[in-house]
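S.K.: One-letter residues, chain by chain:
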Amino acid sequence: MNVLTVKNLNLSFGGLGVISNLSFDVEQGAIVSLIGPNGAGKTSVFNCLTGFYRANSGDISFNGESILRLKPHRITQKGMARTFQNLRLFKSLTVLENVMSGMHCRTGMGAVGAILRHAAQRAEEEEIQQVAERCLDFVGILEQKDRVAKNLPYGNQRRVEWARALATQPKLLLLDEPAAGLNYDEKAQLMKLIRRIREELKITIFLIEHDMSLVMNISEKVVVIDYGQKIAEGDCATVQKDPRVIEAYIGREEAGAHP
Amino acid sequence: MSVFDIVIQQIVNGLILGSFYTLVALGYSMVYGIIKLLNFAHGDIYMVGAFVGFSILSLLSGTLGDEWGGILVAMVLAMVAVGFLGVFIQRIAYRPLLSAPRLSILITAVGVSLVLSNSAMVATSGVYKAFNTGLGYEGFDLGNIHVTFTQLVMMAATVVLMVVLHLFISRTLYGKAMRAISIDMDACRLMGIDVNRVIALTFFIGSALAAAAGVMAGVYYGSIHFFMGFVIGLKAFTAAVIGGIGSIPGAMLGGLTLGLLESFGTQLPGIGTQWKDVFSFGLLILLLIFKPTGILGRTEIERM
Amino acid sequence: MAGPSATTTQVVKKGWLTVQEERLFDFFDDRRRRYAAYGILLLLALALPRVGDNYVLEIFTNSFFYIVLCLGLNIVVGYAGLLDLGYAAFFAVGAYTTGILTSEAGWNFWFTIPAAALFSAIAGVVIGGPTLRLRSDYLAIVTLGFGEITRIAARNLKELTGGASGLIGIHRPVLFGLELRRISHYYYVFLALVVIALFVSYRLQNSRLGRAWRYVREDEDAAEAMGIDRVAVKLYAYVMGAIFAGVAGCFFAAKMTAISPETFQFMQSATILMAVVLGGMGKIPGMIVGALALVLFPEIFRGIGSVRMLVFGLLLIVMMIFRPHGLWPERRN
Chain A
232 MNVLTVKNLN LSFGGLGVIS NLSFDVEQGA IVSLIGPNGA GKTSVFNCLT GFYRANSGDI
292 SFNGESILRL KPHRITQKGM ARTFQNLRLF KSLTVLENVM SGMHCRTGMG AVGAILRHAA
352 QRAEEEEIQQ VAERCLDFVG ILEQKDRVAK NLPYGNQRRV EWARALATQP KLLLLDEPAA
412 GLNYDEKAQL MKLIRRIREE LKITIFLIEH DMSLVMNISE KVVVIDYGQK IAEGDCATVQ
472 KDPRVIEAYI GREEAGAHP
Chain B
24 MSVFDIVIQQ IVNGLILGSF YTLVALGYSM VYGIIKLLNF AHGDIYMVGA FVGFSILSLL
84 SGTLGDEWGG ILVAMVLAMV AVGFLGVFIQ RIAYRPLLSA PRLSILITAV GVSLVLSNSA
144 MVATSGVYKA FNTGLGYEGF DLGNIHVTFT QLVMMAATVV LMVVLHLFIS RTLYGKAMRA
204 ISIDMDACRL MGIDVNRVIA LTFFIGSALA AAAGVMAGVY YGSIHFFMGF VIGLKAFTAA
264 VIGGIGSIPG AMLGGLTLGL LESFGTQLPG IGTQWKDVFS FGLLILLLIF KPTGILGRTE
324 IERM
Chain C
57 MAGPSATTTQ VVKKGWLTVQ EERLFDFFDD RRRRYAAYGI LLLLALALPR VGDNYVLEIF
117 TNSFFYIVLC LGLNIVVGYA GLLDLGYAAF FAVGAYTTGI LTSEAGWNFW FTIPAAALFS
177 AIAGVVIGGP TLRLRSDYLA IVTLGFGEIT RIAARNLKEL TGGASGLIGI HRPVLFGLEL
237 RRISHYYYVF LALVVIALFV SYRLQNSRLG RAWRYVREDE DAAEAMGIDR VAVKLYAYVM
297 GAIFAGVAGC FFAAKMTAIS PETFQFMQSA TILMAVVLGG MGKIPGMIVG ALALVLFPEI
357 FRGIGSVRML VFGLLLIVMM IFRPHGLWPE RRN
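Chains as they are written, first to last, in our numbering: chain A, 232 to 490; chain B, 24 to 327; chain C, 57 to 389.
In short, the hints are calculated from the structure, not lab data.
Keep in mind that a hint or two might mislead.
Quick list of in silico lysine to aspartate or glutamate cross-link-like pairs, DMTMM-like style, CA-CA up to 25 Å [said to hold, decoys possible]:
#, chain 1, residue 1, chain 2, residue 2
1, A, K461, A, E328
2, A, K402, A, E328
3, A, K322, C, D277
4, A, K381, C, E318
5, A, K402, C, D86
6, A, K309, C, E318
7, A, K309, C, D275
8, A, K302, C, E276
9, B, K314, C, D285
10, A, K433, A, D473
11, B, K152, C, E318
12, A, K461, C, E318
13, A, K322, B, D209
14, A, K309, A, E364
15, B, K152, B, D164
16, C, K214, B, E90
17, A, K309, C, D285
18, A, K322, C, E318
19, A, K309, C, E114
20, A, K238, A, D473
21, B, K59, C, D275
22, A, K418, C, E318
23, A, K472, C, E318
24, A, K381, C, D277
25, A, K418, C, D86
26, A, K302, C, D275
27, A, K322, A, E358
28, A, K402, A, E258
29, A, K302, C, D86
30, A, K418, A, E358
31, B, K299, C, D277
32, A, K376, C, E318
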């Protein structure tokens with residue numbers, strides 16, 4: 232069963248092609264990575280999937296339903312969550328408040344409930360707090376819950392970002408360069424966490440990453456793109472040996488090496 | 024009056040109105056294009072221009088006379104002075120807030136507007152000042168409609184200013200820099216472009232154009248007052264949105280379009296002059312619902 | 057003597073004023089102390105009519121009225137971060153609804169309140185619906201335009217609104233057989249409104265909706281990514297603010313018995329905004345301070361009345377550059 236199917240996706244900005252005829256799929260329960268040299272269009276793919284960019288043509292189907300024309304918040308409500316490459320936490324709010332934002336789309340109390348504070352509203356607030364704390368505990372920073380987000384060290388801010396995405400109770404989690412800026416130990420912890428998310432929470436994972444050892448270690452499938460086009464798709468071993476992939480990376484290296 | 028007469032009259036009115044709207048809208052669009060700020064105080068710059076022009080003309084009317092010679096000199100001097108005022112405001116009130124949350128800079132712009140309009144109110148004690156010139160009503164007749172030379176000179180002046188601006192933007196290095204900055208400010212900084220200088224220049228030009236419009240309006244309507252910037256600010260914004268905010272040809276197109284629409288709009292049954300402002304604002308709201316990018320604007324793509 | 061610590065700590069030099077503020081703030085961080093403070097203020101407020109003369113009561117009644125308006129605009133600007141420059145329009149809608157329904161249709165005042173709330177809400181949806189999808193700068197100017205449209209409409213629709221001279225002879229409301237005539241009556245009525253407005257503001261602030269407003273205000277794209285419908289959330293804020301103003305407008309009409317379009321000019325909207333900014337945009341006690349400052353400042357400084365807006369303008373600029381969180385201290389850990 233495919234959680235995500237992308238077919239013939241095309242995206243261009245003012246005549247400049249960013250994604251060309253891209254097709255791939257992500258199976259339920261898998262951990263899949265999207266890799267490619269710098270500027271290949273990876274984050275653009277994420278932005279299309281999550282509805283921030285409007286693709287020009289093609290189709291994106293999530294759990295059998297086309298989400299191509301949906302707004303970002305609707306897509307998240309349907310069960311696809313994402314983290315950001317450059318961390319977009321709510322800086323002046325506390326860690327707990329940040330994570331509670333994930334529960335917004337799973338709850339429904341409005342102004343009337345807020346003013347009256349009846350039993351159902353209080354029960355919902357209780358639930359929101361509990362889920363948020365569970366997510367914080369899952370990523371390991373529950374003790375930090377009352378600290379203001381911007382005061383946390385980078386590594387912990389990352390975890391808040393993950394906890395926040397988890398709080399939306401997604402079926403598919405998109406991680407945009409989760410290992411950026413992490414040291415060796417932190418990367419090991421990240422791999423453990425990704426596996427736990429899949430095993431314990433039954434969430435499918437699709438990630439963009441540059442760190443090859445992490446990618447090869449953790450992925451069941453790898454999709455490689457360059458200049459917005461898919462150049463390989465398959466398991467790690469196959470992709471590593473694919474001549475086009477090697478060319479794309481080495482070719483870039485050589486071009487960079489010339490003065 | 025025949026239909027033909029009404030049409031000609033409204034075209035003339037529309038072109039004059041359009042000239043004022045265009046000149047002010049250009050400043051709005053240029054500033055928005057370069058730093059994505061709707062300079063709420065821009066309408067008040069127009070008002071200040073009118074007052075400065077009036078003051079200069081009064082001071083120098085002995086030597087220059089209060090006919091076209093004097094007026095044009097006063098206008099140019101006012102443009103320069105108000106241009107520098109615009110740069111000053113930008114430096115003091117806007118530049119410190121370029122990286123702050125949007126709300127802060129918008130509120131500051133409101134503050135600047137209040138300072139400008141209330142300074143003028145205090146200075147004039149709230150009284151309308153008569154802008155007296157030695158110009159008469161000489162002109163020529165088109166059918167039953169009398170077109171004055173004053174109107175022609177104003178339209179011509181506006182055209183001249185628009186042409187000069189266009190040449191500046193397309194031919195000079197500064198003009199190119201302006202367009203580049205509106206696309207990607209950080210890249211420009213990395214390329215060694217003095218972004219602050221160019222932004223200051225943009226404010227100078229925008230303010231100068233608004234001042235020109237202010238002086239002309241003072242001459243045309245014969246009086247100026249401290250609150251005249253308020254409505255023109257809104258109208259110029261509408262014009263800029265019609266043409267496509269951020270686009271200079273758009274501001275020109277939008278200004279003329281709004282001027283003509285408004286003039287013809289007053290002829291529609293039930294509208295008349297008392298509702299013309301509502302008519303224009305209504306247009307604005309409809310535009311924002313259906314085509315917020317205007318005629319020539321481009322859709323912005325947010326980079327995540 | 058301890059050696060250098062293993063963890064880095066920030067050494068922050070704080071000015072004396074900041075330290076005093078933080079101490080004051082910490083003192084009131086305890087919820088019970090806050091309730092106690094409000095309780096004392098309420099008792100003082102209830103006692104005032106016994107000792108104060110009509111002039112003092114008038115000033116405080118005005119302050120209460122502005123507190124309600126500031127709390128309403130606070131929801132729009134402070135909680136949701138939307139710049140509304142035409143807030144007076146909603147206040148006008150409420151006042152005229154009451155004025156027209158009581159004077160010309162003979163309605164009972166108390167029934168006009170839900171009507172006013174409804175019309176204000178509709179106005180909010182009509183204006184906010186299309187505009188809140190766009191950039192925040194656009195909202196500022198469109199709301200300004202709407203404020204103007206309302207004023208011009210009130211001035212031009214003579215048969216309905218009495219035109220430029222306004223609506224006069226609005227009937228006094230009757231509450232449990234007592235006709236509300238004296239300033240002390242209105243003092244208590246507006247005080248009650250303040251209490252209600254404070255209650256609603258606090259409840260909204262600490263709720264799912266209140267948090268949603270904060271998320272959208274902080275980073276609307278991130279909020280969208282978290283599944284929050286930012287347009288709907290913003291619209292909620294805008295409409296709630298409109299309702300506050302509409303209801304306040306009803307009572308204003310009853311108290312003044314006469315309203316005219318000139319009460320609802322841009323200056324009025326700018327003044328309320330000024331109070332909200334001074335008070336800290338989002339902080340409820342700040343709204344009380346801001347509204348009081350707004351009403352008391354011109355009273356105390358009568359001589360420089362015409363320069364007041366000029367000073368306000370300068371204050372706005374200075375505050376945004378040096379003290380964007382308002383007169384109230386910034387929240388810290």
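S.K.: The structure should be examined with respect to each hint, and the outcome stated for every one.
M.R.: Here is what the structure says about each hint:
1. Restraint check for K461 (chain A) and E328 (chain A): not satisfied, since their Cα atoms lie roughly 39 Å apart, outside the 25 Å limit.
2. With a C-alpha separation of about 22 Å, the suggested pairing of K402 (chain A) with E328 (chain A) holds against the 25 Å cut-off.
3. With a C-alpha separation of about 14 Å, the suggested pairing of K322 (chain A) with D277 (chain C) holds against the 25 Å cut-off.
4. Of the pairs offered as hints, the one joining K381 (chain A) and E318 (chain C) is violated, with about 46 Å between alpha carbons and a cut-off of 25 Å exceeded.
5. At roughly 41 Å between alpha-carbon atoms, K402 (chain A) and D86 (chain C) are farther apart than 25 Å, so this suggested pair is violated.
6. Straight-line distance between C-alpha atoms of K309 (chain A) and E318 (chain C) comes to about 50 Å, which puts the hinted pair past the 25 Å bound.
7. Between K309 (chain A) and D275 (chain C) the alpha-carbon distance is near 21 Å, which keeps this suggested pair within the 25 Å criterion.
8. For the hint pairing K302 (chain A) with E276 (chain C), the CA-to-CA distance comes to about 13 Å; that is within 25 Å, so the pair holds.
9. Pair hint K314 (chain B) plus D285 (chain C) holds up; C-alpha atoms about 22 Å apart against a cutoff of 25 Å.
10. Distance restraint check for K433 (chain A) and D473 (chain A): the Cα-Cα separation of roughly 31 Å exceeds the 25 Å cut-off, and the hinted pair is therefore not satisfied.
11. For the given pair, K152 (chain B) sits about 22 Å from E318 (chain C) by alpha-carbon distance, which is consistent with the 25 Å threshold.
12. Note on K461 (chain A) and E318 (chain C): the hinted pairing is violated, with a Cα-Cα distance of about 65 Å set against a maximum of 25 Å.
13. For a cut-off of 25 Å, the pair hint linking K322 (chain A) to D209 (chain B) stands: about 23 Å separates their Cα positions.
14. For a cut-off of 25 Å, the pair hint linking K309 (chain A) to E364 (chain A) stands: about 22 Å separates their Cα positions.
15. Pair hint K152 (chain B) plus D164 (chain B) does not hold up; C-alpha atoms about 31 Å apart against a cutoff of 25 Å.
16. Note on K214 (chain C) and E90 (chain B): the hinted pairing is violated, with a Cα-Cα distance of about 43 Å set against a maximum of 25 Å.
17. Between K309 (chain A) and D285 (chain C) the CA atoms are separated by roughly 13 Å; this keeps the pair inside 25 Å, and the hint holds.
18. Simply put, K322 (chain A) and E318 (chain C) have alpha-carbon atoms about 42 Å apart, too far for the 25 Å limit, and the pair is violated.
19. Taken as a hint, the K309 (chain A) and E114 (chain C) pair is broken in the structure, with Cα atoms around 55 Å apart against an allowance of 25 Å.
20. Proposed proximity of K238 (chain A) and D473 (chain A) is supported: the alpha carbons are some 22 Å apart, at most 25 Å.
21. A threshold of 25 Å between alpha carbons decides the hint, and for K59 (chain B) with D275 (chain C) the separation of about 17 Å falls inside it, so the pair holds.
22. A hinted pair counts as satisfied when its Cα atoms are at most 25 Å apart, and K418 (chain A) with E318 (chain C) does not qualify at roughly 65 Å.
23. Proximity of K472 (chain A) to E318 (chain C) is assessed by CA-CA distance (about 78 Å); at most 25 Å being required, the pair is judged violated.
24. Our distance criterion of 25 Å between C-alpha atoms is met by K381 (chain A) and D277 (chain C), whose separation comes to about 18 Å.
25. Using a Cα cut-off of 25 Å, the hinted pair K418 (chain A) and D86 (chain C) is violated, with the two alpha carbons roughly 41 Å apart.
26. The straight-line distance between the Cα atoms of K302 (chain A) and D275 (chain C) is roughly 17 Å, inside the 25 Å bound, and the hint therefore holds.
27. Distance check on the hinted pair: K322 (chain A) and E358 (chain A) sit about 24 Å apart at the alpha-carbon level, within 25 Å; holds.
28. Between K402 (chain A) and E258 (chain A), the direct Cα distance comes to roughly 11 Å. Compliance with the 25 Å bound is thereby established for this hinted pair.
29. For the hint pairing K302 (chain A) with D86 (chain C), the CA-to-CA distance comes to about 42 Å; that exceeds 25 Å, so the pair is violated.
30. Taking the CA atoms of K418 (chain A) and E358 (chain A), the gap is about 32 Å. The hint is violated against a cut of 25 Å.
31. About 38 Å separates the Cα atoms of K299 (chain B) and D277 (chain C), which puts this hinted pair outside 25 Å; it is violated.
32. A hinted pair counts as satisfied when its Cα atoms are at most 25 Å apart, and K376 (chain A) with E318 (chain C) does not qualify at roughly 51 Å.
Consistency note: the structure conflicts with the earlier hints numbered 1, 4, 5, 6, 10, 12, 15, 16, 18, 19, 22, 23, 25, 29, 30, 31 and 32.
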